[in-house]
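*Asks:* Start from the sequences, fold in the hints, and give me the full structure.
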Amino acid sequence: MSDVTPTVINSNGYVSSGVATDVVVGSGATISSLYVTDTGVASATVVSSGGNLYVSSGGVVSGVIVSSGGHLGAGTYKGTAALGADGVVSGATVLAGGQALISAGGVIYDAQVAGTLEVDSGAATYDAVVTGTTALEMLSSGSIDSGAQIGAGASQLIYGAVVSGATISAATQTVYSGGSALATTLSGVSYTSSGSQVISSGGYASGTVIADHGFQDIESGGSAYDTTVASGGEQDIHAGGVVSGVTVASGGLGQVWFGATGSGLDIQSGGSAVVIGDDAGDGTGSVSEVTVESGGTLEIEASIAGVSGLVLQSGGTLALDAFSAGATMSLAGQVLTVSGGGLTETIDFDSSQSDLVLSDFVLASDADSGGMMLNYVACFCPGTMIETADGEAPVETLSIGDLVKNAAGGLRRLRWIGRRCYSADFVENNTNVLPVTICEGALKEGVPRRDLRVSPFHAMYVNGVLAPAGALVNGQTILRSPVVGDVEYLHLEFDDHELIVADGAVCESYVEDGARGIFQNSSEYRTLYPDARRDAPLYCAPRVEDGERLAAIQKQLAERARARKGSASTGSEVIETNGRQTGSGEEAASPLQGWLDHADRNGVSGWAWDAGCPFKSVAVDILVNDEIVATVTANASRSDLVQAGIGSGWNGLAHSFVEPLDRGRRHLIVARHAGTEEQLAGSPVVLEPGHSFDQDLEMTITRAVAGLDEASDRAGIVSFLSREVERIRHAAADDHADRRGRDDVLQKRRSSGRAGREHVLGPRALVIDEVLPLPGRDGGSDAILSHIRSLVRLGYQVTVATPGGECSAEAVSNLEREGVFVAKAPFYNAAEDVLRLQNGAFQLVYLHRCGVASAYAGLVKRYQPAARLVYGVADLHHLRLDRQAYVEGRVDLSQMAKRVRTLEITAALLTDAVVTHSSFEAETLRKLAPTLNVCVVPWDTACRAVRTQAADRHDIVFLGNYSHAPNEDAALHLVRTIMPLVWCERPEARCVIAGQGATPAVLKLSKDFPGVHVVGGVNDLTDDLFETARMTVAPLRFGAGLKGKVLASFGAAIPCVMSSVAAEGLPLPDRLRGLVCDEAQDFATQIIRLLGTPETADELGRTGARMMRDHYSTQEVDRALSVALGLGRAAALPEPQSFREVV
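Everything in the sequence shown is counted per the numbering used here, starting at 1 for the first residue and increasing by one.
Calculated directly from the structure, the hints in this document are not laboratory data. Do not take every clue at face value.
Said to hold, decoys possible - Pairs of lysine-lysine, DSS-like flavour, derived with a Cα cap of 27 Å: (1) Lys927 <-> Lys824; (2) Lys748 <-> Lys555; (3) Lys565 <-> Lys616; (4) Lys616 <-> Lys748; (5) Lys565 <-> Lys748; (6) Lys405 <-> Lys444; (7) Lys927 <-> Lys1004; (8) Lys555 <-> Lys565; (9) Lys444 <-> Lys616.
To be verified - Simulated DEER-style distance windows between Cβ atoms: (10) Gly409 <-> Arg1106: 45 to 55 Å; (11) Ser808 <-> Ser90: 55 to 65 Å; (12) Gly1092 <-> Thr948: 14 to 24 Å; (13) Gly762 <-> Gly383: 40 to 50 Å; (14) Gly63 <-> Gly270: 30 to 40 Å; (15) Gly762 <-> Glu810: 21 to 31 Å; (16) Gly1092 <-> Asp1023: 24 to 34 Å; (17) Glu888 <-> Pro537: 51 to 61 Å; (18) Phe720 <-> Pro482: 49 to 59 Å.
Just so you know, even glycine gets a beta-carbon here, dropped at the ideal spot from N, CA and C.
*Replies:* Structural data, given as structure tokens:
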């Protein structure tokens, strides 16, 4: 190997052109430093101790070896170069003791590092392999790393950088303040040789997969999102740490330490999470929105846990370490309270786990843990024979994609098969999950052909309706199965709800009505169908779950059972009653029983049964003020009573009054067994008259408050008033969400079968923006107004809220005229009140702008877990700041841009879809975070062409809001730099500076330059501004996103001379590309050309108007927004256009 290639390397050690190969640089060599610049290339270079190799200004180095004591540098220290413009290094090997420093504009590919690799702001590294205990990779704020492999004791330190796709194997990745680690995989070989990720204060991680012997530590101030803890992996969230969106798979472990916060946890079968207490044992971490799947375990170490939003699926376990045998439970609404040994634990269940009843839970008599369950699902047991295209087949042998016959003989392809399994010990204490056995011939002759076992809520098709199997139990031919071992269920799902044939009996397939999450393989469905829509269920036949129609079916099947056994004539009927037998010829010794659980002005609920005839529905008279207003059949589901040895499980009653009772009158409500005077326990209920809140009542409360002297009295009245205010706000929110009406629609859909499609359940959308939008305020306001209107056209009921609750009367009036509800005081003081009070009521939440998305994405996941979450990017603020920093030479703005970039990516990663208006910004986001679902959605612009020809229009117009820094800079640049060049040839040219918020510097332009006219806001752009404009100009030197001023100009058929920043992301036809320029002289040339050729201005204006009609219409907005909402697919979008490199 030679020391130097003299024909390529000059006397100063520079390679500025040509290729230098096999060069040795360092102490003892011919040269100690080698500089590769411009078009120069260095290949197979060795940098030994004391040697330096520098790559900059377009130079390229490949195959370099950096030995101990050697130094490799690439890039510039100015921090302004475009990525890759100041040096490229490919295939470098940095040995132990060697160092590589990649500065701004530099890029290093495929490095093998056993020494040190430092990547500074503005630089990037791709696919580096960093291994060995001496190996270190350090990434400074503003740098990028993609695809690194860190192993064998090496370390990766992330300081404000964005790192994606790293693999950490028996090594350590540490994320410091401002840093982001995306899609990292952690693994190790033993407990002492693990793959670790440490998230320090201000650090952020998303999409981490923690595999065997992988560990993730989230320290105080650190945060991690969308983490998967696989078998053998462990996640520890320490005090002050925050996590959201954690999946703990089988064999995985998550630990939430005292003072930590976790939300959105999904604990799968075999996975476990522990909420750990402090040393004093009087507190733990806080967890919310937790799903414990069957076989999963959530362990709470202490008795003060702060568990909220819990979904505990059948077979899931909640272990309460602080309690011992003898603990008791109580249930109030969505809150389960466990008490014992002087301790109390409250568990707040998620609103999606509705209709909770105490008997659905089992608290095991165990010193260490308690198990609880809730399960409602329609499934088959293994062995059930299903009719398929190839004849009958056992349900357990079917696969996704198989063809199954429906009841009409048509073939339907299996979309998914759900699976659940319960242990015998668990089922013994939870008879609600026991299968129902429908004996051969129970429904009609030969139907079913053999005994059929299904889950209690699996509906059979009888007399033209669907009736749950559990409601048909008669103790003779339809029975609750005994506990004989583990219970396994399978369900079959098709594209639509179907009637299929099982063992010769017609019954239903699975329909998704919110229960999918309780299946052990529910994640499989999300993997197979990530874009599946969540619509209101449509049933294949009317579903009957209570009332006279169900009672008639029950009676019919009971009579058939008696006829088959001949018991009707022998008088020796024997029926099963909760484990005991009673001869039908015996005297009815058991009285009628029942309870009026609840009564208010809207209706009543409770239960009733005849203990002597447990499977026969009884009727209950409901009286209001001594008048019978309804007779109700008590045959609705009440599985909680079975655990208490009461009833058949279908003895509930509920009745809503046709009209709410008059609140101004006193009412006496009575519930009694029909035809008797025997009242249900809890009856009668007296409703005292309510009082209107009039001036007298207001004065009474005012005097009472004024008379309070003691602090305890004040505390009491504040507590009382707060409760009442909260109750009123909840009632108002329920009205705004129309909960009662939506429940009625869902019930009508269930009871109407396919005709249920006539009962439309309109989706609800919540839009949160920084302020209520006003037309023309800025491009972002115009965009979100356009999208709000699109949501209304797409059928959404739209609510708009702001973080501070500020609402201008004009903005409220505008939105309400569009049919939009504005959430405002006194019921909603801020957007978080809407999310909390209308918990679970929205199907879509649209967060507009980065600050809103960052602040509210977590709250949306907590309070609206089923909603699709969309982040609307008004523009990428970090791009704007970065470009402004370059133009103004400000280091502080450059640093701020890096921080904002982290915030924007973090917010985007929390959402289901990101909406941007610019194809260029969409590609930018995808490069920063490839996993993002980014959709380009324009906003519609009114296209109303000017009436006059260009020959009669002479003004040069710039339009903007000057409180926005890019617009002020552009106006000053236009008048001070570009217009003087124009005036040299066209001294008569008039420049109009229009728009709101003119700063003193902008106002001064009209004084300093006679050809400049500064005007204020314009009400009608076409009539008041564009009718005198030959052209508009947009000489923006920094900014981001689509520019409303450009769209408005083309919409009026006015050409716009614009910078590459202003044109960025526009689908410009070739004819308009000549209007894009950045240099002042080029700008002036285009302006002068259009002033001199009005026919060209007219032709370019018409071309721009066509572009607007093609790409910025309401139809195009609806089409593209539908894609972002998961409602359909878009046609291919145009390629993103960038008219210069991103700074």
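*Asks:* Could you run down the list of hints and mark each one as holding or not?
*Replies:* Hint-by-hint comparison with the structure:
1. Lys927 <-> Lys824: violated, 39 Å
2. Lys748 <-> Lys555: holds, 24 Å
3. Lys565 <-> Lys616: holds, 18 Å
4. Lys616 <-> Lys748: Satisfied, since the Cα-Cα distance of roughly 26 Å is no more than 27 Å.
5. Lys565 <-> Lys748: violated, 38 Å
6. Lys405 <-> Lys444: OK: Lys405 and Lys444 at ~21 Å, within 27 Å.
7. Lys927 <-> Lys1004: Not OK: Lys927 and Lys1004 at ~43 Å, beyond 27 Å, violated.
8. Lys555 <-> Lys565: With a Cα-Cα distance of about 16 Å, the restraint between Lys555 and Lys565 holds, given a limit of 27 Å.
9. Lys444 <-> Lys616: holds, 19 Å
10. Gly409 <-> Arg1106: 45 to 55 Å: Hint holds: Cβ distance 54 Å, inside 45 to 55 Å.
11. Ser808 <-> Ser90: 55 to 65 Å: holds, 57 Å
12. Gly1092 <-> Thr948: 14 to 24 Å: Given range 14 to 24 Å: holds, Cβ gap about 18 Å.
13. Gly762 <-> Gly383: 40 to 50 Å: Hint holds: Cβ distance 43 Å, inside 40 to 50 Å.
14. Gly63 <-> Gly270: 30 to 40 Å: Because 48 Å falls outside the window, the suggested range is violated.
15. Gly762 <-> Glu810: 21 to 31 Å: For Glu810 against Gly762, whose Cβ atoms are near 27 Å apart, the range 21 to 31 Å holds.
16. Gly1092 <-> Asp1023: 24 to 34 Å: Since Gly1092 and Asp1023 have Cβ atoms about 26 Å apart, the given range 24 to 34 Å holds.
17. Glu888 <-> Pro537: 51 to 61 Å: holds, 57 Å
18. Phe720 <-> Pro482: 49 to 59 Å: holds, 53 Å
Violated hints, listed in ascending order, are 1, 5, 7, 14; each of the other numbered hints is respected by the structure.
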